[in-house]
Every structure is written in C-alpha cells, then in structure tokens.
Amino acid sequence: MRNKILFIIWLLSWPTVSMAQGSNSVMEKAVKKDSTQLRNELSEGLEYSLRFLTFGTYQKIADSSQNPNNDFFQISRYSTALDLRPDLRLNFRRLDLSAKPRMNLEWNVWEDGVRDGDTDWDDDWFVNEWLARIQVTESVFISYGRENLQWGPSSLFSPSNPFFRDNGRSNPKREVPGMDFFRLVWLPKMSWTISFIANVDEGRQGFPYYEFDKTYALKLDFSGQESYASVILSHQESDRNRLGVFGGWTATDALLIYGEGTISRGSNALYPKKTDNPFGATMEEIDDKDTSLKGTILAGGSYTLEIGPTLTIEYVHNGPGYSDGEANAYYRLRQEASDAYYLADPIQGLSKLTLSQTADPKLRLLRRNYIMLQYHQNDIRDVLNLTFRWTHNIDDSSGQFISIVDFFAGDHTQIFFIGGVNSGSGDTEFGTILEHHCMIGVEYTF
Amino acid sequence: MNFKFQVPPAPPSVGTGAVWRAGSSFKFPVLCVILFSVILFHIKPVLAEMTPKEVLSKADEARGNVEGVEWEIKIESVENDRTQKRTLRIKARDFNSLAEFLSPPKVKGRKLLMIDRNMWFIKPGLKKPVPISPRQKLMGGASNGDIASTNYAGDYDATLVSEDTVNGEPCLLFNLVAHTKKVTYDRIRYWISRDRLIGVKAEFFTVSGKMFKSATFEYENSILIHGKPKPFVSKMVITDAVVKGNITTMRYGKVKIKKIPDSTFNLNLLVR
Numbered sequence: 001m002r003n004k005i006l007f008i009i010w011l012l013s014w015p016t017v018s019m020a021q022g023s024n025s026v027m028e029k030a031v032k033k034d035s036t037q038l039r040n041e042l043s044e045g046l047e048y049s050l051r052f053l054t055f056g057t058y059q060k061i062a063d064s065s066q067n068p069n070n071d072f073f074q075i076s077r078y079s080t081a082l083d084l085r086p087d088l089r090l091n092f093r094r095l096d097l098s099a100k101p102r103m104n105l106e107w108n109v110w111e112d113g114v115r116d117g118d119t120d121w122d123d124d125w126f127v128n129e130w131l132a133r134i135q136v137t138e139s140v141f142i143s144y145g146r147e148n149l150q151w152g153p154s155s156l157f158s159p160s161n162p163f164f165r166d167n168g169r170s171n172p173k174r175e176v177p178g179m180d181f182f183r184l185v186w187l188p189k190m191s192w193t194i195s196f197i198a199n200v201d202e203g204r205q206g207f208p209y210y211e212f213d214k215t216y217a218l219k220l221d222f223s224g225q226e227s228y229a230s231v232i233l234s235h236q237e238s239d240r241n242r243l244g245v246f247g248g249w250t251a252t253d254a255l256l257i258y259g260e261g262t263i264s265r266g267s268n269a270l271y272p273k274k275t276d277n278p279f280g281a282t283m284e285e286i287d288d289k290d291t292s293l294k295g296t297i298l299a300g301g302s303y304t305l306e307i308g309p310t311l312t313i314e315y316v317h318n319g320p321g322y323s324d325g326e327a328n329a330y331y332r333l334r335q336e337a338s339d340a341y342y343l344a345d346p347i348q349g350l351s352k353l354t355l356s357q358t359a360d361p362k363l364r365l366l367r368r369n370y371i372m373l374q375y376h377q378n379d380i381r382d383v384l385n386l387t388f389r390w391t392h393n394i395d396d397s398s399g400q401f402i403s404i405v406d407f408f409a410g411d412h413t414q415i416f417f418i419g420g421v422n423s424g425s426g427d428t429e430f431g432t433i434l435e436h437h438c439m440i441g442v443e444y445t446f
Numbered sequence: 001m002n003f004k005f006q007v008p009p010a011p012p013s014v015g016t017g018a019v020w021r022a023g024s025s026f027k028f029p030v031l032c033v034i035l036f037s038v039i040l041f042h043i044k045p046v047l048a049e050m051t052p053k054e055v056l057s058k059a060d061e062a063r064g065n066v067e068g069v070e071w072e073i074k075i076e077s078v079e080n081d082r083t084q085k086r087t088l089r090i091k092a093r094d095f096n097s098l099a100e101f102l103s104p105p106k107v108k109g110r111k112l113l114m115i116d117r118n119m120w121f122i123k124p125g126l127k128k129p130v131p132i133s134p135r136q137k138l139m140g141g142a143s144n145g146d147i148a149s150t151n152y153a154g155d156y157d158a159t160l161v162s163e164d165t166v167n168g169e170p171c172l173l174f175n176l177v178a179h180t181k182k183v184t185y186d187r188i189r190y191w192i193s194r195d196r197l198i199g200v201k202a203e204f205f206t207v208s209g210k211m212f213k214s215a216t217f218e219y220e221n222s223i224l225i226h227g228k229p230k231p232f233v234s235k236m237v238i239t240d241a242v243v244k245g246n247i248t249t250m251r252y253g254k255v256k257i258k259k260i261p262d263s264t265f266n267l268n269l270l271v272r
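Heads up: the sequence lines are chains A and B, in that order.
Be aware that the first sequence starts at 1, since it is given in the numbering used here, and climbs by one per residue.
Be aware that the second sequence starts at 1, since it is given in the numbering used here, and climbs by one per residue.
Where hints are given, some of them may not hold.
[Unchecked claim] In silico BS3-like pairs for lysine-lysine, Cα to Cα no more than 30 Å straight-line:
| hint | chain 1 | residue 1 | chain 2 | residue 2 |
| --- | --- | --- | --- | --- |
| 1 | A | K33 | B | K91 |
| 2 | B | K230 | B | K85 |
| 3 | B | K108 | A | K173 |
| 4 | B | K254 | A | K32 |
| 5 | A | K189 | B | K58 |
| 6 | A | K173 | B | K111 |
| 7 | A | K189 | B | K91 |
| 8 | A | K29 | B | K259 |
| 9 | A | K33 | B | K254 |
[To be verified] Negatives, chain A to chain B, calculated, CB over 10 Å:
| hint | residue |
| --- | --- |
| 10 | V31 |
| 11 | D63 |
| 12 | D71 |
| 13 | E111 |
| 14 | R265 |
| 15 | K274 |
| 16 | D288 |
| 17 | L350 |
| 18 | L353 |
| 19 | S425 |
| 20 | G426 |
Read the hints as simulated data drawn from the structure, not as lab findings.
Since this is a predicted model, take the numbers as computed values, not measurements.
Glycine included, each C-beta is placed from N, C-alpha and C at the ideal position.
Work the whole structure out from these sequences, hints included.
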C-alpha cells in the first residue's frame, strides 16, 4: 500500500521532479521526448481556416396581406454586410474541440412602410457553433455544444429532421444559427449507428412567435453497400412523438434515388377555424387531439450526365398542409387581419396576433403538393459552380426560382451571386413575402 | 469466372544475368541455374494456382485496398490547356474512404465520404452533407472512384486475354467486365505485371465499347502488409482518349498504414 502511494506521488510530481533533476540526462531526454510528442500531437490536431465575406443584398417586398405595407415584417430594401468567419478545431487524443466565432457588421436601408428612409448599423459578435466531444470508448462518443445538425438526402427541405426547418441550401452564404445539443453516439458496428440527441436550448435560433421546447430524439442509422437508411424517433416537450425516416439508393453509377418523411398522430399546426371574433375566424390547433396519422413524404432522384451536370427532381406530399378550402379560409382571415392592422386596439392587437400566427402556422410547407427541379454543376473549368432550382407549389401554382452562382477568381477569392424570383400573387405561398431578391458578394479564404 | 489460367512462358531475358567468363570456375553459372530453377519452380506454381480474381486482389492491394491506409494525393489536371491543382488527404479502409481537400484555399475543408457505393460531399459552411453519384467528376479526368482504393476483384469479372509487355515489362492482360452497374467504368483492359502482380496500365471503356480514357501507374511507394514490404501506387496518369492533351496526374505520398477507425467514416461524427 505504502509503495502504491509513493508511486502515485512520484507519478503526480514526475514532471516537476524530472525538471529539477537537471543532471539526470535520461529523465531530461524522456521529458523532452514527451513534450516534443505532445507538441507534435497538438500541432497535428490543430486545424483552422479563416473566411472573410462582404456582400450586398436587395429585396423587393411583395404586396401581400401577410405584411401590410411592410409594417409587419419591416424588411429592409438594401443591406450590406461584412463577415469574419474563423473555424477552429483541435483534435487531441480522445478529445475533439471546435468553435466558430463570428463577427458581423451590417448596414440596412429601409424604403418601405413605417421605416421608410430609415438606416441602421448593427454589429454582432457571437459563436454560431462550438462543440466539445470526448471519445469514451472506441465506439462511444459524447458531446455537448452549439450545432447545426443537418441530415437527409433531400435538397428542398428535410422532413425527418425534428430540430431544424432550414437546411441552409437555399442560401449557402447565410449560416443556419446553431442550437444547443447533447449527443451520445454509439457505433456498435461499421454499418450501424445509434444516437441519442437532446436539443436543450434554442441557442442562436430565434423563435419569434412561440416558446422554445426541448426536443429529444433517438436516431438509428444503417449504411449498406449501395444504400443507407435512418429512423428518427423524437419527442418534443409539450407536444407529441414523431417518427422520421430517410433513405437512399445508389441505383447506378449516375442515378441516386432517395426518400424522406415524417409521421405523427395529429398535428400541432394551426388551421383557420370559424369563430365569433371580428375576423370571423382564428388560427387554432384543431388537429392537436386527433389520433389519426399525418405525414409528409418526399421522394427524389438525381442523375449525373456524362458531360457533368446533375439533374435533381423531388416531389413532396405534405399531409398536414392546407386543402383548397382551408387555404381559402386562411387567406380570407389573413386579409381581415391585414385590413385591421392600422385600427386602434384591441382590434390592432388581435390583428398582430393573427398575422403572427399566419406567418408561422407551424407548417414547414403551407400546402400539400410540391415539385422541385434542380440543375447543378460544380467546378466548371475549375472556376464556376452553378445551381438553379425551381420549386413549384402544385396546389396554388406559385413558384420560387433560386440561382446560386460561384465564380472563383484565383485560389483564394470567390465572387458569388444568389438570386431568387418568386411567382404568384400575394395570396399564394411563394408570393407572400418577397417578389425577388439578390445577393452579390466576395468571399476570401486565407 | 473462377478458372485457373495457363502458366505463361518465362520471359526470354530471365536467367541471362549470369555471364560465364573464360577462366572462371563453373560454380557461379551452376549456382545461378540452381537459384533460377528454385525461383522458377517456387513462383510459377503460385502464379499458376491463382485465379484471375486472386491476381486482381493482389493488384488491388497496391492501390489501397488494405485494412487501413492514409495518404495524400496531389492532383494536377491539364484540360484544354488549363491547369488545375488539388491536394487531398485520403483515409481508406476496405471499400470506404474519406477525402479531405487540403489545398488550394478555395476548396480547403471540402470532404468527400465514400462508404462502399454511397458518397457524400460536404462543403465548409454548408452543414448538410449532399449525396452524390460516383460519376460526379472530382477534377479533370479523375472520377471520384479514382481517388478511392480500388476493388476491381470485387466489382469485375476478369478474363485473361493474353500476355503483353508495358515498357518492356511482361504483363498479363485482363479484360474486366463490370458485373454491377454501380461502378464508374463498364469495361477495363488491365495490364498486371507478371512478376510484381501490380496493375501498370489500364484502358477504360463506355457501355458502347468506346475507350474514353487510359491510365498508367507507378509504384515508388512501399507499405508493410503483414510485416512484409509491398509496392504501393505512387503515380497515376490519366489520359483522355479523345483529347490527348487532357492529362490528369495523381501523385500519391505520405503513405501510412494505420488503423482507421469506424468513426472516420461516420456522417454523424464527421460534420462539425
């Protein structure tokens, strides 16, 4: 026992003792070797990058009942921004640390609504994502941090993801704000992964119209020889359980086929319901207690042509989305609320409440049937990336065209253009907020 | 297709290394003959007993199909007089690989994950991994499949066509026909060195039978497999069959045989 204690004391004091014994060359060499090895490990495990972005945006606001005279959303017409985006990572033995601190300077100009003629400077310093992960055993990892957790093969949106609505693909230059997650990942076999995920804080995500609720998920992933599949069982506090799935198949060298979906009993989405209030209706969770299954299914495929481009098609059936009758009632209610927006309280208060509910009725897509077509090609002559995406709402015939163009001027500099044109009247899904918008900028990677 | 192929005749140059000199004893040439016979009788039956699939497996080993390997590839592509360069770090095990783009800065941080036939592309700033097809080109004449370890033995049915020489080296010429539609190339003519059992030249064909590119391989690197040094690919030069000036050169360096854990190929842990 005494020997053990002495050994532990020696072990704890070893670095100090060994430093003090300057004459002991063996010890000195061992310490030197250890510190060199440590330095090498740290320098090998350290990774960093720094990106600098500056860009300007222009947004033409749509004339719609959702945003009367732009006084509800108060969207700026022009903006210019300067972003500094360092990414830091240290992988040291069983520990993995990463951080993405951000600096954002933004200047906005308003030309519509109550803020017409207004300008505003804003600076924002924050950490959009950070992570501390430890490898407990060879196959078990535990992490906590602010993350942007994305998965699934689809381009349009990821119905199987219970945490994030935005998958970041409509504007890759705008980073999706991270939320706080605890994760336990277990790899029982090469082909299988089991994850427990707890979304414990909203982090940098904003929930302007509702309270944030913690969400827990159990995710099972399988990866086969030419296919993969995942099942995600999630539960949101004060809401219900959801089952999400996604999978894909490399059908040939050029053809990918995939699907994604979610299903739940009932829905917490808001639907217009006739009432005796001044607008004749309110937005209510009418399917909250419903026990019938409601689901969203996305089916897609992509084909890469011999000459380079990849063509993608996706179809979405959104079960909880509005039928024609529900959509008519929704737009009627929205118009009533819009008309009352400038009246005195309490009508104005009711108008604002109603418009906040119609702005986010807890549906990722408003209607039931959508189709998306995409053309994508990377590294054309090593200088150009192109993405053109058309999303069509089959039910109300509105649509959205997005183009993402990256041009590389040298090894460090990228000039980018992201443009969007929405078609449809103010009483359609894609015609509700913006008519068109564009973003032009330069990204420099050090 | 599991037949044994005929033992090809020994190359004429073999055995002529020992020169009898006037005045010297007969011991040296005799020893050489004995040594040659030992080598011949030792090697020939081994090669003779190997099926085309086994020969391909050996050749695959020298192109990364081993338990775990990490290497860096410098790709230089000349296409229509434009030169492009990339440096990638590859971690590979069995039929899985992770390619991390190291330079130039404009592509730094990109990752390409291949788990068997499933491939994902990850761009810095875009957290959602994008599934991509094997056909999507990496750069110049190099397909995604070219940077990964080769599994011709598993993906193709091989037939020994004939013997040939490549740069004077005796080779076995195999005709490889894909038995799955999931591979990058439908048919390959593959020259494997008789003595070294490594692929030294390949021609790649489309379904219509048209050759669209060819490649040559060099093996200056060496790795230890079961404690024994084995040659490992050091250079692959891909030449476009239509535009001869379009050439992609891939140089393989910093080869390390190491245990690559499952977590390296796990999407849940990869995206940070």
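Original post:
Between K230 of chain B and K85 of chain B, does the CA-CA distance stay at or below 30 Å?
Top reply: At roughly 29 Å apart (the allowed maximum being 30 Å), K85 of chain B and K230 of chain B satisfy the hint.
Subject >> Least C-beta distance between D288 of chain A and chain B, which was stated to exceed 10 Å >> reply: At about 31 Å from chain B, D288 of chain A clears the 10 Å cut-off, so the statement holds.
**OP:** Sort out whether K173 of chain A lies within 30 Å of K108 of chain B, counting only the CA atoms.
**Re:** The given pair, whose Cα atoms are some 16 Å apart, holds under the 30 Å limit.
Original post:
Hey, does K274 of chain A actually stay past 10 Å from chain B on C-beta?
Top reply: Nearest chain B Cβ is 41 Å from K274 of chain A, so the label holds.
Subject >> Exclusion check [G426 of chain A not at the chain B interface, CB over 10 Å] >> reply: At about 31 Å from chain B, G426 of chain A clears the 10 Å cut-off, so the statement holds.
Original post:
Taking the minimum C-beta separation from E111 of chain A to chain B, is that value above 10 Å?
Top reply: 30 Å, holds
**OP:** Sort out whether K254 of chain B lies within 30 Å of K33 of chain A, counting only the CA atoms.
**Re:** 23 Å, holds
**OP:** Please work out if K254 of chain B and K32 of chain A have their alpha carbons no farther apart than 30 Å.
**Re:** 26 Å, holds
**OP:** Mind verifying the non-interface call on L350 of chain A? Its CB should be farther than 10 Å from each CB in chain B.
**Re:** 39 Å, holds
Original post:
Since R265 of chain A was said not to touch the interface, does its Cβ keep a gap of more than 10 Å from each Cβ of chain B?
Top reply: 28 Å, holds
Original post:
Taking C-beta pairs only, is S425 of chain A more than 10 Å away from all of chain B?
Top reply: 32 Å, holds
Original post:
For V31 of chain A, is the shortest beta carbon distance to chain B beyond 10 Å?
Top reply: 27 Å, holds
Checked against the numbered hints above, the structure violates none of them.
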